[in-house]
Amino acid sequence: MLTRTVAEPLEEFVRTDGPRPTTPRLSARGSYRIAPYVAPRRLLRRLAALIEGRGWLRRLFVSAERGSKWALYGCRMCGQCALPATGYACPMTCPKQLRNGPCGGVGAGGECEVYPDRPCVWVTAARRAQATGHTADLDRLQRPIDHRLWDSSSWLGYWQGRDADLWTAPAPQRPQLVLLPVLSSPGQAHD
Amino acid sequence: MTEGLRATLSAHRFAVTAEVGLPHGADPDGLTARVTALKGWVDAVNIIDNASAKVAVSSLAGAVIALRAGVEPVMQLTCRDRNRIALQSDLLGAATLGIPNVLLLTGDHPRFGDHPQAKAVFDLDSIQLTWLARTMRDDGRLLSGRRLDPPPRFLVGAVENPFAPPIDLRAARLAKKVAAGAEFVQTQLIFDVPTFERFLRDVRDLGVADRVAILAGVGPVRSLRALEFLQRSVPGVHIPDEIAKRLRGVTPERVAEEGVRQCIETIDALAGLPGVAGIHLMAFGFERGIPELIQRSAAGALRSTPSSERGGDGAH
Ligand code: SF4
Chain A
1 MLTRTVAEPL
11 EEFVRTDGPR
21 PTTPRLSARG
31 SYRIAPYVAP
41 RRLLRRLAAL
51 IEGRGWLRRL
61 FVSAERGSKW
71 ALYGCRMCGQ
81 CALPATGYAC
91 PMTCPKQLRN
101 GPCGGVGAGG
111 ECEVYPDRPC
121 VWVTAARRAQ
131 ATGHTADLDR
141 LQRPIDHRLW
151 DSSSWLGYWQ
161 GRDADLWTAP
171 APQRPQLVLL
181 PVLSSPGQAH
191 D
Chain B
192 MTEGLRATLS
202 AHRFAVTAEV
212 GLPHGADPDG
222 LTARVTALKG
232 WVDAVNIIDN
242 ASAKVAVSSL
252 AGAVIALRAG
262 VEPVMQLTCR
272 DRNRIALQSD
282 LLGAATLGIP
292 NVLLLTGDHP
302 RFGDHPQAKA
312 VFDLDSIQLT
322 WLARTMRDDG
332 RLLSGRRLDP
342 PPRFLVGAVE
352 NPFAPPIDLR
362 AARLAKKVAA
372 GAEFVQTQLI
382 FDVPTFERFL
392 RDVRDLGVAD
402 RVAILAGVGP
412 VRSLRALEFL
422 QRSVPGVHIP
432 DEIAKRLRGV
442 TPERVAEEGV
452 RQCIETIDAL
462 AGLPGVAGIH
472 LMAFGFERGI
482 PELIQRSAAG
492 ALRSTPSSER
502 GGDGAH
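Sequences listed follow chains A and B, in order.
Residue numbers for the first sequence follow the numbering used here, so the first one is 1 and each next one is one higher.
Residue numbers for the second sequence follow the numbering used here, so the first one is 192 and each next one is one higher.
Hint data in this document are derived by calculation from the structure and do not stem from the laboratory.
It should be emphasised that the depicted structure is a prediction, and the values quoted were computed from it without experimental measurement.
Idealized CB from N, CA, C, for every residue including glycine.
Be aware that a few hints might be false.
A short, non-exhaustive set of chain B residues, derived as facing chain A with CB atoms under 8 Å [as the list claims (entries may be wrong)]:
| id | residue |
| --- | --- |
| 1 | Asp316 |
| 2 | Leu360 |
| 3 | Glu483 |
Produce the entire structure from the sequences given, and follow the hints as far as they go.
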């Protein structure tokens with residue numbers, strides 16, 4: 001039903017007319033297998049702090065992250081990676097940037113409403129999550145992202161625990177939306 | 192007969208909402224006439240937010256015109272054209288003007304509208320917007336954390352399309368919208384009742400059926416041109432072959448009546464399903480025919496019978 005779209009990196013990279021649904025090059029299984037190695041731990045937290053402290057090192061790290069995640073997932077560097085909760089298919093490649101699941105316009109064959117020559121990235125995400133036993137992840141409520149973080153490293157944030165509250169538990173009962181760590185820092189009381 | 196959508200839903204009476212088109216010029220009279228014609232027939236009219244990404248009178252203004260005409264509006268608000276500042280501002284504005292219902296959606300991509308050059312905003316998605324509206328109302332806070340005094344009081348609605356892939360996850364997506372705060376949901380046009388029944392069953396299995404009122408989307412296909420348009424150009428609408436064949440099978444001057452009849456049969460089938468709280472009529476410029484659709488279908492009978500006399504379907 002779905003044909004695999006292989007992104008053409010260069011042509012895609014210079015496009016300015018917004019994101020296009022991208023099917024990852026790295027399988028879901030492979031992605032989940034790698035995940036534990038980059039999970040936050042003390043060593044990585046220290047390393048992240050070290051990298052952030054040096055401008056040139058940070059820039060180098062960010063380009064490495066951009067390049068590798070672009071090639072594997074079509075990553076657009078939103079800086080708040082949703083991949084671990086979306087079957088490792090990047091929702092920011094959706095032309096509507098939907099982080100909580102597909103829109104209602106998905107074609108009968110699973111094609112994107114906006115770019116019918118490509119499969120909807122959420123259909124891809126669902127298929128990958130289902131195939132690897134991660135369907136419940138799709139029930140998590142994804143919070144609004146912080147647009148100041150575009151083009152910054154999601155890994156450095158992740159290792160230092162800054163994006164711990166990007167999404168809720170799988171079956172939430174109306175959790176609080178406001179006051180998540182990424183959006184408000186201490187001392188920014190609004191009352 | 193109509194004391195508003197919230198009252199109808201909380202009394203478990205069969206609800207009817209209907210979509211009305213908005214003017215493309217600065218004229219309030221046409222819209223006033225269209226909503227006035229529905230007065231007493233429906234619980235609320237949907238005031239669309241720049242449908243198909245084509246510029247029309249804003250849904251906020253349209254909702255106020257409906258209020259003035261004495262008809263309760265459901266104000267649609269899409270994520271396409273506004274960032275979170277404008278969304279919260281419009282929600283607050285709507286609440287301040289006394290608009291009792293909002294319907295929150297992602298919106299069609301500008302690429303298909305009359306300004307394909309436009310920047311698509313999509314700062315939030317429809318689930319985040321639903322969550323935001325409930326946070327504003329129930330927690331009395333903006334996304335910034337700032338308190339709202341007094342908070343808005345609108346009923347929060349969402350949409351779902353049971354026919355768009357991944358079909359097996361559509362009920363879960365509805366459950367997600369309910370978790371985010373949707374209290375009622377209007378569905379995409381239903382032509383394929385068995386698939387919709389499967390969707391309802393999934394919704395029940397997920398245990399959210401009694402936490403959300405589902406208004407089943409219906410509308411008459413009154414010409415072969417409309418049929419082709421729906422099949423080809425409206426994303427997410429699925430018309431089974433039998434229905435297309437049925438409309439093509441009658442003489443040209445009878446297509447309109449056949450379409451109306453098909454729509455009435457669909458309403459009759461839907462009205463009997465457990466888990467259907469009402470219908471949402473999308474009549475594509477045939478708003479004047481809405482009273483007829485209600486009268487000739489099961490919706491009419493259900494709405495003239497007090498809910499206490501209707502057995503079994505009290506819990507939606
Ligand atoms: S079909 Fe909708 S949800 Fe899927 S990628 Fe296209 S715009 Fe995004």
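Status of the hint placing glutamate 483 (chain B) at chain A (closest C-beta pair under 8 Å): The hint is violated - glutamate 483 (chain B) has no Cβ within 8 Å of chain A, the shortest such distance being about 28 Å.
Hint check, leucine 360 (chain B) versus chain A [nearest Cβ-Cβ separation less than 8 Å]: Leucine 360 (chain B) check passes; min Cβ-Cβ to chain A is 5 Å, inside 8 Å.
Hint validity - aspartate 316 (chain B) Cβ closer than 8 Å to any chain A Cβ: holds, 4 Å
Against the hints set out earlier in the document, a violation occurs for number 3 only.
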